[in-house]
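Trainee: Please put together the full structure from these sequences, using the hints given.
Read off the chains here:
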Amino acid sequence: MSSMPPENDDPEDFDAQYRRWSAADTARPSESVATAVFANAARLARDRRITATAPVMQRRVPRARRAALFGGLAAATLAALWVTPHLFNSRTAAVKYARQQEVPLVVQAPQAVAKRSPFSADSSSVVASGGAQLASSEPAAAAAPAPAPPAPARATARVADSLALQGAALRRSAESGDIDGVVALLDEKVDIEARDSAGRTALMLAVLNGRDAVVTVLLAHGADPNVTDGHGETPLHLAVAGNHPSIEAALRHAGAH
Amino acid sequence: MMAGDSDEALIARYARGDVAAFERLYRRHEMPVWRYLQRNVRHHATADDLLQEVWFAVARDAADYAPTSRFTSWLFTIAHHRMIDFVRGRRPHASLDSLLQDGAAAPSLAADPRTGPLALATSHDEAGAIVRALACLPEEQREAFLLQIEGDLSVEEIAAITLSSFETTKSRLRYARAKLRELLKEHA
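Chains as they are written, first to last, in this note's numbering: chain A, 1210 to 1466; chain B, 8 to 195.
Don't read these hints as lab results, they were simulated from the structure.
Careful: at least some of the hints might be erroneous.
DEER-style ranges, computed between Cβ atoms [as the list claims (entries may be wrong)]:
{"hint": "1", "chain 1": "A", "residue 1": "G1451", "chain 2": "B", "residue 2": "E15", "range": "48 to 54 Å"}
{"hint": "2", "chain 1": "A", "residue 1": "I1259", "chain 2": "B", "residue 2": "S161", "range": "35 to 41 Å"}
{"hint": "3", "chain 1": "B", "residue 1": "S161", "chain 2": "A", "residue 2": "A1225", "range": "14 to 20 Å"}
{"hint": "4", "chain 1": "B", "residue 1": "E15", "chain 2": "A", "residue 2": "R1229", "range": "27 to 33 Å"}
{"hint": "5", "chain 1": "A", "residue 1": "A1277", "chain 2": "B", "residue 2": "A73", "range": "47 to 53 Å"}
{"hint": "6", "chain 1": "A", "residue 1": "A1225", "chain 2": "B", "residue 2": "P74", "range": "58 to 64 Å"}
{"hint": "7", "chain 1": "A", "residue 1": "R1237", "chain 2": "B", "residue 2": "E189", "range": "25 to 31 Å"}
{"hint": "8", "chain 1": "B", "residue 1": "E189", "chain 2": "A", "residue 2": "H1440", "range": "40 to 46 Å"}
{"hint": "9", "chain 1": "B", "residue 1": "T175", "chain 2": "A", "residue 2": "H1440", "range": "44 to 50 Å"}
{"hint": "10", "chain 1": "B", "residue 1": "E193", "chain 2": "A", "residue 2": "N1452", "range": "43 to 49 Å"}
{"hint": "11", "chain 1": "A", "residue 1": "P1454", "chain 2": "B", "residue 2": "E15", "range": "56 to 62 Å"}
{"hint": "12", "chain 1": "A", "residue 1": "R1258", "chain 2": "B", "residue 2": "L170", "range": "34 to 40 Å"}
Values in this document were obtained by computation on a predicted structure and should not be read as measured data.
Glycine residues also receive a C-beta, built at the ideal position from the N, C-alpha and C atoms.
Mentor: As C-alpha cells, then:
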C-alpha cells in the first residue's frame, strides 16, 4: 500500500506522550464496581471451599446410609421428571408461540398470573455498577417455587451483586429483542422488575424498542404493566409515544391503564 | 515484581481461595481495562457495567485459567468479548462505529458530563484531546491501539484476540499511531 505510514516514527516516544496525557484524565470507574466485584469474588471463593470439602463429608457417610440416600435421590429425580412438564407446559407454549411470530399473545393480567412474594422487597434491593440503582419489588413469578424465608442481611448482600448483574442482563436482552436470552434469564428467576438508573424495567426497554415478542413473554411472566420510571412514564405511555399499536394492545389486555 | 506477586501467581492464589490476591489483581488492572472499555464504547456507565462483567468472569473462571498465556492476554480477551457482546446485543450485525455514530450504543452520551460531546468539544486539555483523537480512529485501529497501550499486549496477542493476521494487526497499529500523532500534533 503506497500510503502506508513510515516505520521510522518512534512508537515508544508517542506511547510515552500518550501515557503522560492519558494520566491527566480524571475519569475513573465507579467504586461500586470494585465493591460488587470483591463481594462476588469472596462469595465464589467460599463456594469453592464448600465444594472442596464436600467429598470429605461424603466419605464419612456409612455405606448403608449412602445406598438409602442414593435411592431417595433417584426417586426424587423421577418424581421431578414427571411433575416438571405439567408445571411448565403453559408457559412453554406461550413462549413458542411468541417466537413463531411477532404478534402479541393474549396474556392474563399479572395479578392473575403471579403471586407476590412476601419476601421480595427484602432480597432484591441492590446497587448496580456505575451508581445505577436496581430496586425491585416483585421477583417471584407464577411458576416459582415457594420463596425461602428472608435471609439475614449478610446473606442478602452476598447475592445482591449477582442479582444486579442478572437484572442488567435481562434488560439488555429485552432491549435488543433477544427472546432466548430473556426466557433463559426468567427461567433462572431473575428479578423481572429490576430497574436501571432511570428506573426503567425490562418491559419498558422492550416497549421502547418495539420488541413485541419480548413484551409478550415478559407480560406472560408477570411483568407489571403499570410500573413507572423515574419520569413517571408507564409502558403504555411509551408504547403510545413510540407508535407501537400491537404492544399497546397487549399492555391494555394485561391490565395497563 | 516478585514471582509471588505476578499476575499469574495472584490468580492461582485466588483460585485456591485467597480473596486478597484477587483484590490486588483487580486494583492492578482496574484502570487499564476500564480505559480500554470506556475509550471504545465512549460511555462511562456502560464501561462500568462491562468492567464489572469482565471481573465477574475472571472470578468465575479463575480455576480454569491455564498459565500457558499471560494473564493480561486472557484478561483483555475477556474484555474484548464482553465489549463485542455488548455491541452485538444492542443491534445484531452492526459495527461499534455505526452504533456510536447514530447514538444507539450510547443513548445518554450527551447527558454524560464526563464523556459527552459537549465536554469533548470544549475540552482543550490533553486528556480530552486524546479521547477526541481516539474517537476519530476506525474501530479496528482504535481497538488494536488500546489493546497494546492499555493492555501492554504484543502484536501476536492482539492478532489472536481480534482474530486478525499478524500483518493486518501491525498495519492497524501503525495507521492508528500515525493518525493519532497527526491529530495530537496541535496539542503537543
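Trainee: Determine for every hint whether it applies to the structure shown.
Mentor: Hint check results:
1. A:G1451 x B:E15: 48 to 54 Å: Given range 48 to 54 Å: holds, Cβ gap about 50 Å.
2. A:I1259 x B:S161: 35 to 41 Å: holds, 39 Å
3. B:S161 x A:A1225: 14 to 20 Å: holds, 18 Å
4. B:E15 x A:R1229: 27 to 33 Å: holds, 29 Å
5. A:A1277 x B:A73: 47 to 53 Å: Check failed, 41 Å falls outside 47 to 53 Å.
6. A:A1225 x B:P74: 58 to 64 Å: violated, 30 Å
7. A:R1237 x B:E189: 25 to 31 Å: holds, 29 Å
8. B:E189 x A:H1440: 40 to 46 Å: Check passed, 44 Å falls within 40 to 46 Å.
9. B:T175 x A:H1440: 44 to 50 Å: Holds, since T175 of chain B and H1440 of chain A (Cβ atoms, about 46 Å apart) stay within the stated range.
10. B:E193 x A:N1452: 43 to 49 Å: holds, 46 Å
11. A:P1454 x B:E15: 56 to 62 Å: Taking Cβ atoms as reference, P1454 of chain A and E15 of chain B lie about 57 Å apart, which means the hint holds.
12. A:R1258 x B:L170: 34 to 40 Å: For R1258 of chain A and L170 of chain B the Cβ distance comes to about 37 Å; the hint holds.
Violated hints, listed in ascending order, are 5, 6; each of the other numbered hints is respected by the structure.
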